[in-house]
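> Protein chains in written order, with UniProt numbering: chain S, 1 to 494; chain C, 1 to 494.
Please note that a few of the clues may not be correct.
Since the list can't tell identical chains apart, any single copy or any two copies may satisfy a pair.
Unchecked claim - Below, simulated EDC-like cross-link-like pairs (lysine to aspartate or glutamate); rule was C-alpha separation at most 20 angstroms, straight line:
no. : residue 1 : residue 2
1   : K7        : D322
2   : K12       : E22
3   : K16       : D35
4   : K104      : E490
5   : K47       : E475
6   : K415      : D60
7   : K16       : E140
8   : K70       : D55
9   : K47       : D67
10  : K47       : D64
11  : K16       : D139
12  : K439      : E40
13  : K104      : E197
14  : K16       : D256
15  : K388      : D55
16  : K388      : D18
17  : K104      : D322
18  : K443      : E40
19  : K236      : E198
20  : K236      : E184
21  : K388      : D275
22  : K439      : E198
23  : K443      : D35
24  : K104      : E22
25  : K47       : D65
26  : K7        : D191
If you are wondering where the hints come from, they were derived from the structure by calculation, not from laboratory data.
Number of protein chains: 2
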Amino acid sequence: MDYDRLKERYSKFLSKRDERRELVSFWDGDLPSKDLICLEAGMPNEKLFPIKAIDLHLVDQPFDDGDGDKVSITRYEQPAEMPIARAFQYSEVRGMLPMVSFCKRIVEMTNRPVYDNWDVLLSNGSSDSMFKVFETLCDESSTVLMEEFTFSPVVSNVTSTGASCVPLKMHLTTDPRDQGIDVEYMEQLLDNWHELEEYKRLNKPKLLYTIVTGQNPTGMTLSMQKRQQIYRLAQKHDLIIVEDDPYGYLTFPPYDPENPMKNVYTDTENPMSIDEYLQKRLIKSFLTLDTDARVIRLETFSKMYAPGLRLSFIVANKFIIDRLLNLSEITTRAPSGASQAIVYATVKAMAARETAYQDEQDRMFYGWIRWAMKLAGTYTHRRNVAFKALYETDAYKSHLFSVLEPSAGMFINVKINWPHAPPDDMRRSLDQLDTVLVKNGVKVVLGYKLAVDQSFSIDSSGFLRFTVAYASHDEQLIEGCHRIGNGIQEFLGY
Amino acid sequence: MDYDRLKERYSKFLSKRDERRELVSFWDGDLPSKDLICLEAGMPNEKLFPIKAIDLHLVDQPFDDGDGDKVSITRYEQPAEMPIARAFQYSEVRGMLPMVSFCKRIVEMTNRPVYDNWDVLLSNGSSDSMFKVFETLCDESSTVLMEEFTFSPVVSNVTSTGASCVPLKMHLTTDPRDQGIDVEYMEQLLDNWHELEEYKRLNKPKLLYTIVTGQNPTGMTLSMQKRQQIYRLAQKHDLIIVEDDPYGYLTFPPYDPENPMKNVYTDTENPMSIDEYLQKRLIKSFLTLDTDARVIRLETFSKMYAPGLRLSFIVANKFIIDRLLNLSEITTRAPSGASQAIVYATVKAMAARETAYQDEQDRMFYGWIRWAMKLAGTYTHRRNVAFKALYETDAYKSHLFSVLEPSAGMFINVKINWPHAPPDDMRRSLDQLDTVLVKNGVKVVLGYKLAVDQSFSIDSSGFLRFTVAYASHDEQLIEGCHRIGNGIQEFLGY
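Could you put together the complete structure from these sequences and hints?
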C-alpha cells in the first residue's frame, strides 16, 4: 500500500487534536555540505559536555554477580555509530538511526509485517507510546475495546482524550486454544452494536487495545487462531488493533506437575537453540496477519533491559508513524540518548559473541535474542518455583484456590474458590482477604482493581495477581506463595 | 498560601482536558513494612538487568581532553541514593527524590520564591515541560502572549491545544535597561484588550510565555525593573507567567571593543568568586517577585550538561505541579533514570571538590555552579571571538550590518542595515541573502522564520541568528563570522 493510499485509508481514524497539530519550524532541512559552517541550531559542541566517556559493565546471565563484558561509549569512537558526540546531542526525534535500524531488525526477524510500508518510532516507554497512540487516534467521539481486565492506567490514557472504554469478556482458562478475549462475545458486540441499549450513547468502536501475550493481569495469551478471528473482525468492522506486547519474549513452556522444576530453556543436556526459541516459543504478532496495515504494535525495553531507561518502540504503517512522530516533535522529542546509547552499546557487546553470523545486523539481533532467551529461562524457573510452592499449600490441596496458569509474562493469578457462590460484595470480600494477606506478610493486587468496569466483571474478579519478577531469590518467592496459601485458608475460615 | 487556597485560586486556569484527566490506579500506596513480601508491581528484579555498573569519565573544563574525575554507578552502592537498582528500575514519576532535592536546592540558592508552597517536577527536556504546561493550562478558549520573536516550536505547542498566540513587541537594543518585551505595548494591549479590533475573536490572554534571559533568538535579557513592571501587569490582568530560562547561567559581561578578548570569568589575576557569579552575573527569576504563586519556571540540563539526556525541571506552586504530575503519570512517567543517574553522579563528583562547604547539599550546589561558571566563561570567550571577527569585516566597517549584542545565551543576531528602507518583500530579500550566505559557506537562521506572526514583525525581522555554541574551535567561528560579513557585502552589492 503506498503512502497516499495509507493516508487516504487511515486519515479518518485521526483525532480532532491531531488535525490541528501543525509544526512550526525554523529549519529548512538542508543537509550541510562539507565546507558549510553550520551556525543554525542552538546545539552545544560536545566538548561543552562534562562527560567524555562511559564504561558499561555487563553481566552474562540474569542474577549473575560475576564480571561479563565491559563496553565503552566514548566521545567520538565507540560505538562508531553512536558515540557521546551524537547520543548526548540533540538527535533524531524518531530515535537515532542505528537504534531504529536495530528495532526494525527485531520486527523483521520475529514478526515481519505482511505489507511493506511500515516503520518504527522510538518512544519513552510503553506508557508514552500508549499516550501518543491514543492522543493521535482518539477524541470525544471514539470508543475503544479492551480486555475486561487490563493494565488499568491505560483506561486513564483513553478517557483523558475524551474517548470511552468498553470491556470485552475474557475466557480465564488454562486451555491455550481458548484463553483470552471471548471472540464470540466480541463478534456479537460489534455485529449488534447499534441495537445495544447499554452502549447507545457511544459511537461504534474504532480501536481494539489488547495485551496479546502473557496478558497483564491474567497471564493469558491469544492463540494464533484467535488472532486470525479477531483480525477478521477488525477487518469487518474496520478497527485499528493496538497490540501491546511487553512480555512476548517471556513465554512459558507447559508446567509439568510431575517434574516441577523442568525448564526447557535451561536444560543442559538438550539446550534450546535460538531458532527453536524463535519458531516455537514466540507467538506471532498481529503484524504477521496484517494485510491492511491496521495494526499498531508496542514493544518496550522495560522488561527486557530495564524499566528506568524509559525506552520503547512503536511499529505501524508509515502514515500513522508520521502522525505519531509529529506529536513527538512537540512533546518528548527524542527518547534519552543516554538510554539509547546504553542499550545500543550493550547489544553491540552481545553481538560480538555471535561469531556464527556474518552480518553485523544479524549478530546484533541474535545476541539480543540470546539474552531474551536467558530471561525467558529465568522467568520460567520462577514460574516453576511459584507453582510448586502454591501447589504444596494446604489451601490448594483443600481446593480453596486454583491457579490461572499463565502462558507468558510476569504475573500469576490465584482464583479464589468461594465456598458457595461468589460473594455478594466482591470488593469488600477481596479487601478483607487483602487485610488477612498483609497480616500474613504478603502484598498482592486484587482482581477487581484491574477491571475496566468493575460491575461488568464483578463475578470474575475474585482473583489475586502477583508477580514472579521482583523477588530477590527463590526462597522469598516460595515464602510469599506460602503466605498467600495461608492467608486464603485463614480468610475462608478453615 | 496553603494548598486549598492555591487550588481555589488557580483551578480556573486549568484546561478542559486537565479537568477530565482522572488517574486509574491499582495501587493503594501502602508502604511495605520490613517483613512484607511485595509481589504487587510488575517490576523486574535489578539482577534481571544486563548491566551491573557504569563508570563515568568526566572532564574538568569545557573543551578539556584530559582525564578528570572518574565516578561509578553500581548495582547497590554508588551513588548511595541512586544506584542502578533504583535508577534503572521504575521510579518516582516526579523524578527520583535525590534529583528533585538537588533541583530544589538550585532554586533555593539562585531564585528562592517569595512564597513557600512551591515544588519541582522533573521532565524530559524543556520541550516536554512546555507541552505539559500548555496541555494543562490551555484549550480552545485560551490566549497566550509571547515575545514577537521566539523559539518558534513553542507556537506549535500552544496552537495544538487549540489556544492562540499573540505576539508582544520587543525592543531590540543593546541597552540592558530597555531590551526585550515592550512593556508599554504590553500594558496598552491588556488595558484595551476588549476594544481591539484585531483580537476581537480571542479571549483576554491568561498566560505570558517569555524566555527571560539571553532570549532565543534575540539574546535580549529582561532587566529586573522590566520584570517588576511585567509582574505588576500580570497581577493586574491575572496572567500566569511561564518563564523559560535555558540560558540563564550563561550571562555575558559587557563587551569591551578596546580589549575584545577580556573575559571576567577566566581572568587569572582576579578570578571571579562563586558568590560574585551568583550575585552579579545571574539575573533573578520572576520567582523572586512572585508573591501570588503565578510563575512557572522552566529549567533544563540540555545546555548545562547535554541535550541528549532529555532532562529538565519545572518550578511552580504545588497545586500546578500536582496537575502537571498528573499528566506525567499517563504520558512520560519518570524521565530516563539513566539520564538522572548520570547527572546525579556527575554532580556528586563535582561536590567532592568543594571541601570549603560542610553540608553535602551545599557541596553539590557549589560544585555544579562552578561548572556553570566555567561554561559561562567559555560562552563569553566565544562571544568575544565572534564579535571581534564580525567587527573586523569590511561589511561592518561600511555599516552594512549592526550586531544586536546579546546579554546571555548562545545566539548572536546580525541586523542588516538596508541601504534605503526595509525591503518591500522582507522574506524574499532574506531568502536571497540566505542563498548568498550558503554560497559563501555559512548557514544561519533568518529572522522572519523566528517571528510568531510574520506580518506583525515583518519590519523588524531583517536579521540573521547564528550560534556560538556548536563550532568546533575558535577558527571555525571566526571563519563563519567572516563569511557572514562577506555574504552581506556581496548581497548588498558593494
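> Determine for every hint whether it applies to the structure shown.
For each hint, the structure was consulted:
no. : hint          : verdict
1   : K7 <-> D322   : within (10 angstroms within a copy, 38 angstroms between copies)
2   : K12 <-> E22   : within (17 angstroms within a copy, 27 angstroms between copies)
3   : K16 <-> D35   : neither (44 angstroms within a copy, 51 angstroms between copies)
4   : K104 <-> E490 : neither (51 angstroms within a copy, 48 angstroms between copies)
5   : K47 <-> E475  : between (49 angstroms within a copy, 16 angstroms between copies)
6   : K415 <-> D60  : neither (37 angstroms within a copy, 59 angstroms between copies)
7   : K16 <-> E140  : both (9 angstroms within a copy, 12 angstroms between copies)
8   : K70 <-> D55   : both (7 angstroms within a copy, 10 angstroms between copies)
9   : K47 <-> D67   : between (31 angstroms within a copy, 13 angstroms between copies)
10  : K47 <-> D64   : between (36 angstroms within a copy, 7 angstroms between copies)
11  : K16 <-> D139  : both (7 angstroms within a copy, 13 angstroms between copies)
12  : K439 <-> E40  : between (63 angstroms within a copy, 15 angstroms between copies)
13  : K104 <-> E197 : neither (44 angstroms within a copy, 53 angstroms between copies)
14  : K16 <-> D256  : neither (52 angstroms within a copy, 54 angstroms between copies)
15  : K388 <-> D55  : neither (41 angstroms within a copy, 41 angstroms between copies)
16  : K388 <-> D18  : neither (51 angstroms within a copy, 47 angstroms between copies)
17  : K104 <-> D322 : within (16 angstroms within a copy, 38 angstroms between copies)
18  : K443 <-> E40  : between (55 angstroms within a copy, 6 angstroms between copies)
19  : K236 <-> E198 : neither (22 angstroms within a copy, 50 angstroms between copies)
20  : K236 <-> E184 : within (14 angstroms within a copy, 62 angstroms between copies)
21  : K388 <-> D275 : neither (29 angstroms within a copy, 65 angstroms between copies)
22  : K439 <-> E198 : neither (41 angstroms within a copy, 68 angstroms between copies)
23  : K443 <-> D35  : between (64 angstroms within a copy, 11 angstroms between copies)
24  : K104 <-> E22  : neither (28 angstroms within a copy, 35 angstroms between copies)
25  : K47 <-> D65   : between (35 angstroms within a copy, 8 angstroms between copies)
26  : K7 <-> D191   : neither (27 angstroms within a copy, 47 angstroms between copies)
The structure fails hints 3, 4, 6, 13, 14, 15, 16, 19, 21, 22, 24 and 26 (numbered hints given earlier, in ascending order).
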